[in-house]
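Visitor: Use the sequences and the hints to build the structure in full.
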Amino acid sequence: MKKLMLGNAAVARGAYEAGVRVVSSYPGTPSTEITENIVQYEEIYAEWAPNEKVAAEVAIGASIGGARAMSCMKHVGLNVMADPVFTVSYTGVNGGLVFCVADDQGMHSSQNEQDSRHYAKASKIPMLEPSDSAECKEFTKLAYELSEAYDCPMFLRLSTRVSHSQSIVELEERRGDALKDYKKDPAKYVMMPGNAIKRHVYVEERLRRMQEYAETASINTIEENGSKIGVISAGIAYLYAKEALGDKADYLKLGMVYPLPEKKIIDFAAKYEKVYVIEELDPVLEMHCRSLGIEVIGKEAFTLLGEYTPRMIAKAVLGEDGGKVTELGEPIPVRPPVMCAGCPHRGTFYVLKKLGLNVCGDIGCYTLGAVAPLSSIDTTICMGASVSAAMGMAKARGDEFAKKTVSVIGDSTFIHSGITGLIDIVYNKGINTVIILDNSITGMTGHQDNPTTGYTIRGEETKQVNLLTLCKAVGVEHVVVADPFDLKGFEKVVKEETQREEPSVIIAQRPCALLKSVKYSGHCTIGADCKNCKLCMKLGCPAISIKDGKPFIDESQCNGCGLCTGVCPFGCIKKED
Amino acid sequence: MTKNIMIVGVGGQGTLLASRILGNAVIGAGLDVKVSEVHGMSQRGGSVVTYVKYGEKVQSPIVDKGCADIILAFEQLEAYRALPYLKEDGRMIVNNQKINPMPVITGAAEYPEGICEKLAEACDLTVVDAAALAAEAGSIKAVNVVLIGVMATSTDIPYEDWIATIRSTVPPKFVEMNVKAFDLGYHLKG
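Residue numbers (my numbering), protein chains in the order written: chain A, -13 to 563; chain B, 5 to 194.
Treat the hints as calculated values from the structure; they're not laboratory data. No false leads were mixed into what you were given.
The list that follows gives simulated cross-link-like pairs (lysine-lysine, DSSO-like), each with its CA atoms no further than 30 Å apart:
id	chain 1	residue 1	chain 2	residue 2
1	A	K340	A	K478
2	A	K310	B	K61
3	A	K257	B	K61
Please read all numbers here as calculations on a predicted model, not as lab measurements.
Guide: Here it is in structure tokens:
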């Protein structure tokens, strides 16, 4: 049966067909839908882990226990899970083990544009890279075969355009998912120096054998069109090149991007007047070709930044300009993402802006608190850094600075890696105030449950981590729960807690406005008695704009959350049902 | 040759669903198809762009500047922004809705005047009051399907395949309403 499938759904299908039994992941765009799609296969145990490191370790344990296992993450999630990854390269596997990592060329939803292929080389773990959904499924299944045949974990590298594009996939049956035997084997699985030294020998020998495999692998293909131009490419960039150049070039498409088939590359390159290496982000394939003494054209013709397009490649390789582009020359206002109408974070940032505090931000929808008019956030680095970076700023600049600084971090992000920063503050006598934006869900990646929601990935009820008790348990004596839509009350709490000479936590509790359980009704209107003070404009609500010189609420955009009624000092904004 | 379609709008307008209906109608017609979507942060009220490409064999999932046969715009400013992607002889279909982006809301920028007039001079343009037609069909939420109906006349996918796709995609109790919405778009005199 043929089906139109998202790349991520096809990876999930591949895992199903390959007989995978355990999947543990942390959500992150563009990888999230792999694990969400796993849920439809009841044969597979699936979970959201508190962070990527835990997820990888659960998958590693499942593999050692004899099951085929998977862990999926975005590129920056791979940084979090790097620790176990480098060592599981040494232990190898029992059941097949695949880590799916999705890069985000163009940074559609990320804080950097790192190229995860470097991890394959650094950890000596082979990496496959599909170009479309059919290959997503095929390569996933192949990865399990290779993993078990070579006693080796495998990377499957995806990218935004592969993960989030739909193309046609042929569905097949699930193979058996029998557990492999589990035998105690400390020489293989206990990585203390005496054992690890021997396993390192194995790793190097395995890499040599994988390289031999790469030379004849069916996923490293050559397409000859009798051209004088040779193109070496992989993944999504291969499809751009193919669309741009068609049969005006010959291609070496690398389905396996680490280790590389050196002989095959040398033989291919020898046939052409010009050889282009076309790859987004870093010159990984290019540098390898150069190290083999092959003269190639790479980053001198193509950018290190962002996504490529067929047009860009046609211009660089053939000098062709492509079809006419109509530009009218008028500046078009940008439309950056905004917090939704009814977003609970809006109340929090309105208050923080009003108080003029320094704000260390984190990763989530609330990063949008950096954007005008709320313009509150000073820093955003990575998951959890809001808490620990604020501690560092306070240690650099002293207690008075600390009293004018807060950290803001979502509920899921706090569990992911904010709690460790909070422990640092308590342990090392910090006086910082941390605001946990508890909106009852993992918001930005599209509503995944997490340990604070009380539900599993399958929607089953489970124990709920209580943020208040958790913060108290690590030694924070002042933990306050406050509603960010009670603007006056919330402001009072922030003022009080930031002035303390000891650590404090404010749990800003109000659910995401997009949750089905949240039922705001009606809409707000601005009365004719409006004094035009424009204070309501400071909320940055997408429903409120200026019409004929005065603030106006667009009913079609307003969800009736009522936050603006509390902002108007003259009581001119009313809620209507 | 592939047919390149771009669907543009504002996060939350339902462009993703429109591109999926389109993709499924194409697969029903037995062609190769690729649909490129946008997830994550950019969905939060920002500009969203999805691509649908179909034909004998489709390579990349994206549509380049100057390469779109059809641009289906759910909002005027997004249509204006997408114009450079339209082929010289391409067709632009615009829902007449306007949604102010944040720089306009804060007063840092102005919403350009007379977008539809300017687009009409620059390309083959159809302006649709999709909200009114959707309301006529029975639900304002069917703006999606109205616009797909308008666009369907520029494709070589048979009418029956569209109807079959709608029947298989929407819940049974909304089928008739959505078929009506599709028809209103399909038979629009533009």
